[in-house]
Amino acid sequence: SAVISQKPSRDICQRGTSLTIQCQVDSQVTMMFWYRQQPGQSLTLIATANQGSEATYESGFVIDKFPISRPNLTFSTLTVSNMSPEDSSIYLCSVEGKGGAGNEQFFGPGTRLTVL
Amino acid sequence: EDQVTQSPEALRLQEGESSSLNCSYTVSGLRGLFWYRQDPGKGPEFLFTLYSAGEEKEKERLKATLTKKESFLHITAPKPEDSATYLCAAASGGSYIPTFGRGTSLIVHP
Chain A
1 SAVISQKPSR DICQRGTSLT IQCQVDSQVT MMFWYRQQPG QSLTLIATAN QGSEATYESG
61 FVIDKFPISR PNLTFSTLTV SNMSPEDSSI YLCSVEGKGG AGNEQFFGPG TRLTVL
Chain B
117 EDQVTQSPEA LRLQEGESSS LNCSYTVSGL RGLFWYRQDP GKGPEFLFTL YSAGEEKEKE
177 RLKATLTKKE SFLHITAPKP EDSATYLCAA ASGGSYIPTF GRGTSLIVHP
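Listed in order, the protein sequences are those of chains A and B. Numbering-wise (our numbering), the first sequence opens with residue 1 and increments by one. Numbering-wise (our numbering), the second sequence opens with residue 117 and increments by one.
Honestly, the hints are just simulated from the structure, not real lab data. Mixed in with the good hints, there may be bad ones.
With a cut-off of at most 25 Å between alpha-carbon atoms, the simulated SDA-like pairs for lysine to any residue come out as follows [said to hold, decoys possible]: (1) B:K158 / A:S42; (2) B:K175 / A:E96; (3) B:K158 / A:L73.
Excised from the complex, chain A in its bound form:
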């Protein structure tokens, strides 16, 4: 399984500001995924990030609000722009497993964001 780190682990931000979350993987991966986990809710996929191409966003998420960068095969960033209290959530990055075990995903530790 891949080892995934995220920065920051948590942050408290003011309304209207932006926060960039970093995700680092210890091996090269084709696809990286960004999820949001709100209290009492299931994990919701925000977007899929492939190296060298534009991220693919899920319904309800737009690039202007959640711009993503994927400069190489081990790193990605997610920016939460013009934040409001409704953006308070845990943000997780993940990668697909290898070794023929199917589509299981391995997750980073998450970034807990609170917007005041």
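Use these hints to put chain B onto chain A, whose structure you have.
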């Protein structure tokens, strides 16, 4: 639309009291059914993948089973360290992205 429903939402057990968590799924052509464990303040930790009805996987006190409509995570003689939220996810044949359930919060009292 793919759907995954987990029950119960929360479960409290005494140490040693075995029980099962349920995951009902509706997907078009199941590609894989996944179980994860999530501790507070951490990302989900992968436990099992099940591919076809009748398949079973075991890890320590946990055993996952799969039918055509649901999966069970059986916990035998649980210990307090098994306390966590257990997430289920299903991937359909048409998408490599799994749909997650809301999870079951398990608390095991000593």
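Quiz item: Given the hint that K158 (chain B) pairs with L73 (chain A), does the C-alpha gap stay at or below 25 Å?
Solution: holds (24 Å)
Exercise. For the pair we were handed, K158 (chain B) and S42 (chain A), check the Cα-Cα distance against 25 Å.
Key: holds (15 Å)
Exercise. Below or equal to 25 Å on CA atoms is what counts here, so check K175 (chain B) against E96 (chain A).
Key: holds (21 Å)
Going down the numbered hints, you'll see the structure goes against none, and every one checks out.
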